[in-house]
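Got chain W; can you put chain A on it based on the hints?
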Amino acid sequence: MTDEELIAEVRGWLAANWNPRDKVQAESFGRSPYQSFLEKVLAAGYAVPSWPKELGGRAMTPAQGRLIEREFAAVGAPGAGQDRHNLWANTALAYATPEFRDEIVPKLLTGAVGMCLLYSEPGAGSDLAAVRTRADLEGDRFRVNGQKVWTSGAAIADYGMLIARTDWDVPKHLGISFFFLPMKQPGIEVRPLRQITDEAHFNEVFITDAFVPAANLLGPLNGGWKVLQTALAYERSVMGDAARGPRSGKGSPKGDGALVELAREAGVLDDPLIRQEIAQVTAWKILNRMNNARAKAELKRGTSSPIMSLGKLAMSRILHQEARLRTLLLGADSLLEGPDHPRAEDANFLSLNAYFTSIGGGTDQIQRNIIGERVLGLPKEPEIDRTMPFREVRSG
Amino acid sequence: MTSSLSAEELDAFLESLKRLLADRCTEGDVRRLMEQPGHHDADLWARLSEMGVPGLLVEPAHGGLGAGPAVLERAMEELGAVLAPTPILSTVIATALVQGLGDEAVSARLLPGLADGSTIAAVALTGPAAKWTAESVAVAAIPEGNGWRLDGKAAFVLHASAANLLLVVARAPDGIALFEVEAGAKGMSVAPLPAFDRTLDLADIGFEGVAAVRLSAPGDGWAVVEQALDMGRVALAGEQAGGTRRVFEFTTGYARDRHQFGRAIGSFQAIKHMAADLLLESESAISAARHAAEALADGAADAPQSISLAAFACADAYVRTTADSIQMHGGIAFTWVHPAHLYLRRARADAQLLGSSAAMRERFVQQLGG
Chain W
1 MTDEELIAEV RGWLAANWNP RDKVQAESFG RSPYQSFLEK VLAAGYAVPS WPKELGGRAM
61 TPAQGRLIER EFAAVGAPGA GQDRHNLWAN TALAYATPEF RDEIVPKLLT GAVGMCLLYS
121 EPGAGSDLAA VRTRADLEGD RFRVNGQKVW TSGAAIADYG MLIARTDWDV PKHLGISFFF
181 LPMKQPGIEV RPLRQITDEA HFNEVFITDA FVPAANLLGP LNGGWKVLQT ALAYERSVMG
241 DAARGPRSGK GSPKGDGALV ELAREAGVLD DPLIRQEIAQ VTAWKILNRM NNARAKAELK
301 RGTSSPIMSL GKLAMSRILH QEARLRTLLL GADSLLEGPD HPRAEDANFL SLNAYFTSIG
361 GGTDQIQRNI IGERVLGLPK EPEIDRTMPF REVRSG
Chain A
1 MTSSLSAEEL DAFLESLKRL LADRCTEGDV RRLMEQPGHH DADLWARLSE MGVPGLLVEP
61 AHGGLGAGPA VLERAMEELG AVLAPTPILS TVIATALVQG LGDEAVSARL LPGLADGSTI
121 AAVALTGPAA KWTAESVAVA AIPEGNGWRL DGKAAFVLHA SAANLLLVVA RAPDGIALFE
181 VEAGAKGMSV APLPAFDRTL DLADIGFEGV AAVRLSAPGD GWAVVEQALD MGRVALAGEQ
241 AGGTRRVFEF TTGYARDRHQ FGRAIGSFQA IKHMAADLLL ESESAISAAR HAAEALADGA
301 ADAPQSISLA AFACADAYVR TTADSIQMHG GIAFTWVHPA HLYLRRARAD AQLLGSSAAM
361 RERFVQQLGG
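Residue numbers (full-length UniProt numbering), protein chains in the order written: chain W, 1 to 396; chain A, 1 to 370.
So that you can see chain W by itself, here it is in the shape it has in the complex:
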């Protein structure tokens, strides 16, 4: 099939099956409001075009898949390109038993089940391999006990992708298993987690004598660390830039001149120190765009780019510095908050929410380790807990 034929086919299909007026505010975690449409997308082979036919794909090339994605994006239709983006389905495809895969993957591709991530714990943040939630085999199921944190969508999820310790007498990376844990059961309690921004986008999940069928194990028993790496890779490729801007949105001019406008409104644009700061923060933002554009171009030319690893550090620096600058512009007005003080609300929110980027998904310090080790080839620090049985590792 030529590209032109494919494009014509997809356009025709979308014209017949997608009504842009159906568009609703999409939820990223709960069940999809587009279920019936997504079933049609899957049946037509557009959901996972690069997968083999028996799994709902059409054995297409990645380039053809992107053509389909582009046509879907052009009319705002959901559901294409899930072979690249659907973290849940890709992880299940790679590691679930054939029986569980055939049961769960179609549901994941059609949004028939809601999902959440059960990775981090109070004692296992950056050091994820230190998880202490335990899963003990009892017949054909595992009994699960422990506590998870930073879980989005836990209250509405049908399954959670869970890492739990299944062997305490081996080094920490070797005793972890990966499960699809059913969330709607008595042993699971979800509590919203109030953040420093006074919002609650995440939850704590308390797991007390909950059960997961042994059939829901992904990968081998105690082989969960490798499954997790696959899942994390998909998550990173999807997350891209998760940073959010100021909260109110109303009081915030846009574009590269935004900080100039804010300084003018605050009557401090003639302060030479502030002008220097505006130049610096704005430059960092533009440099980040330039870096991303160059990384993309280099990727296209077939050369890998070290720039890809830098986005998070760059973004953290921008957000924290912009928060400081906005506070500087406001002076004592930054004492206030609430809808009547949108600029203060923005500056104060940003100064707290910047940590979402500099801590979330691994702290900036961990990211510097990753850059140093994987990009620059610097040796790792010796890890004293890498070889000892996890039972003897001090953590928490």
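Honestly, the hints are just simulated from the structure, not real lab data.
Watch out, some of these pointers could steer you wrong.
According to the in silico footprint, chain A covers these stretches of chain W (three or more CB under 8 angstroms from chain A) [to be verified]:
id	stretch
1	33 to 40
2	105 to 117
3	260 to 273
4	290 to 297
5	362 to 368
Ideal Cβ positions, reconstructed from N, Cα and C, are used throughout, including at glycine.
Just chain A now, kept in the frame of chain W:
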């Protein structure tokens, strides 16, 4: 797109430039030139000229390669990486000044020599205030007989010792104008300056009733000067980006090789995290320099803003990287024989030439609408 060379031609050009520099501009060569008056390597300049480096901006009709600023910037990255002591920066500014005049007779007379490297130009531009602005021009020009006479001072003139062409930016009754002065003209005093970057040939030039030929048309010509300065800033940004990357590379290399406490010092997070931060500096400098050069080559409306950004981003990245490099190396980089301080000296010089980082940030804010 942004250059007359295809991607393959550009790669081949840069590859042969790298080979030439690896062969003819080693650290030993740089150190030898530091000790010589004028710091000019005539042989290196001749070989660069054979490759067409001085004439990258000059159109083929006047003997150049006509490759434009984007290729110039890439060449400057290579020259900057090895601290090449050449008069390329003042060649670029002189070329852009002549081209900016748009006078075919002047172009036909001056550009071929600039393109083939036989003309080495010095440009007397800023006065002792050293801001590279119209206000800081401190040479006055008044009509005298059939020509003009110049009086005043130019400061921090690059490559005056090796130059056989002197262009002077002076204040005439009708505004800023460009003049040509014969080498060794009567009333002119060239006072070499002791430069902190010892590869740099810097001089103050005094003018007392110096006879000069006016090159620019009547009316204020500052816009032409500013354009030429911007071309110089693009070249300088390339030099800074190339130097930053080279310093970053040898510093991380040292962090992998040097062992203390029984392990590579790069395994310590104190060093590793500095390296990660410097990668961001280094890559951002390259992005900024290349973007500015391409914007200028494309005649993009935001080119001047991109140039301001590149000017301070690259200057700051180079200074920070060279400074941190010394700290990361430890004692070895506190010695004269280690090259780190040569790069720090160049970085500190480059951060002042053609306008300071702070001045470029101020210009950038104005371009943002402030």
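Structure-based check of all given hints:
1. 33 to 40: Our answer is that it is violated, as 0 residues pass the Cβ test (under 8 angstroms) against chain A, missing three.
2. 105 to 117: It is violated: at least three residues are needed, and the stretch 105 to 117 of chain W offers just 0 whose Cβ sits closer than 8 angstroms to chain A.
3. 260 to 273: Satisfied; 6 residues make the cut.
4. 290 to 297: It holds: at least three residues are needed, and the stretch 290 to 297 of chain W offers 4 whose Cβ sits within less than 8 angstroms of chain A.
5. 362 to 368: With 3 residues close enough to chain A, the hint holds.
Hint check: violations occur at hints 1, 2; the rest are consistent with the structure.
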